[in-house]
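Protein sequences, first through last, are from chains Y and V. Number 46 in my numbering belongs to position 46 of the first sequence; there are no gaps in the numbering. Heads up: take any position in the second sequence, counting from 1, add 1000, and you land on my numbering.
What follows is a list of derived Cβ distance ranges for each label pair:
| hint | chain 1 | residue 1 | chain 2 | residue 2 | range |
| --- | --- | --- | --- | --- | --- |
| 1 | Y | P284 | V | H1013 | 40 to 46 angstroms |
| 2 | Y | F61 | V | M1001 | 55 to 61 angstroms |
| 3 | Y | F54 | V | H1031 | 23 to 29 angstroms |
| 4 | Y | D324 | V | I1121 | 51 to 57 angstroms |
| 5 | V | I1027 | Y | R47 | 26 to 32 angstroms |
Derived by calculation from the structure, the hints in this document are not laboratory data. Predicted model, so just to flag it, every value in this text is computed and none were measured. Note that CB positions come from ideal geometry on N, CA and C, so glycine has one too.
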Amino acid sequence: MDYFLITTSLLKIVGMLVVVILPMVSYSVYAERRVSAFMQDRLGPNRVGPAGLFQPIADIFKLLLKEDFSPRHVNTFYYWLAPCLALVPAIITIAVVPFGSTLFGVPMVIADINVGILYVFAIASLGVYGIVLAGWASNSKYPFLGGVRSSSQMISYELSLGLAVIPVFLLVGNLRLTSVVRYQIEHGWMIAPFIGDWMNLGKWLLAIPMIISFVVFTIAVFAETNRLPFDLPEAEQELAGGYHIEYSSMKFALFFLGEYAAMISGSAVIVTLFLGGWHFPGIPDGSHGWIFGLINIAVFFAKVAALIFVFMWVRWTLPRFRYDQLMRLGWLFFFEIALVNIFLVAIIVAYSRF
Amino acid sequence: MAITVARPKLNWHERMYLPAIAAGMAITIKHFKNMILGRTKVTMQYPEEKWDSSMPEHYRGAPALVRDTDGRVRCVACQLCEFICPPRAIKIVAGEIPSTDRFAKVEKYPEEFDIDMVRCIFCGMCEEVCPEQAIFLRKDYAITGFTRDEMVHHKEKLLEIGGVMHGVVLKWNEKK
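With these hints in hand, go ahead and build the complete structure from the sequences.
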């Protein structure tokens, strides 16, 4: 038994979950409220603690103390299962994402498996079950419509999500997410290859399909995490809240946290694939001292936070798509763009030497 | 009759939507930036900031009883305000001033003077009708209480809100 591996892995899991992910989830709810308020010329929650910073704690107390009401007409087993299924996949996606270089010689990734990105897709698409089951088990029409919408939307966007990352792995050569980061350290970030040979035209030519790929992937992640402008499953104005109408108290909160956790893990994957992961030009990795290891982790989460801000920014700018527009966009545009993009990258890789 | 509204014909860059999306995002980030830099005017943060200082002179807040400069409660318990009060919020129990008192010729004073602030509609008719200028509408507007009983302002409370009024009613002074 490799006790060192087990101990460090457990420490990483607990540290990630308790110190990083869960506070980040609750504070992104707070940030969402503040950012949305600022964009609408309001102040947002500013009462609990300095600048409202303890608002998430107050929220959690409120939600825990609320009556947990479940209607009599629900399918109890699935009704209880659905909130867990909404939150768990979103969190365990983080397991394969390298969130730092090394700290005291320990690689800062919980599970460096060789099918990294496949694991991400496999787990992330489990998230749809949470919503579909919630819609089905609630046994009422608006949640049902929300669940159905969610499943078709996720299937449509899963496709462009998968196709959009193929160019990245065409370059990298294997599916390990740590090797994606290593590639980006050597050759520059996927969307901005500023490291190494500046004058190589092929490298900059390659950045164009990478940017397309980045945009398609990001938009698909928006759709996967049910964020506006793709929040059709919960469209308040049409479905009165969609799949979580029949939920209350902490079960409702789990859906809410699941959405934000999915946003964080989605951003983490985007950062790893396209924005250089924990790498920042000029900062060495953790083998040069533990302080750099910590800085690398901080850089990674700063990037994630910046992307989350973009998520919020988009949410409070764009209106929701109509359902047929959503499907048209997914199947007629993003799918084709991603497909053509793969060929583009393949041609560039085949004919340029760098 | 149904009217068919012609859909506008969009040209290619309008159909790409991306310029419009970028323009929209520029607008929201501008608002965000202005808020961060403190250029945006926001609503008054009520319990911390109040508009008391900019309240107009004629503001009609909670009614209150006043004392005159001699310390006498100006009210003579004539009960005109009790009669005029549209929601019947005022209740007065009159008492007699003993003949030994300095103000014996006033004859009556309010033994009890209750205004039920749950009922009061801040119309100001009591102030208008008062022949003694004894009741005034002050600028207090945040009147709260946990029970209905707490919401009744008794005489002491009314006098506390009212304070001393330096006024023109001098007919009860000894000199006259």
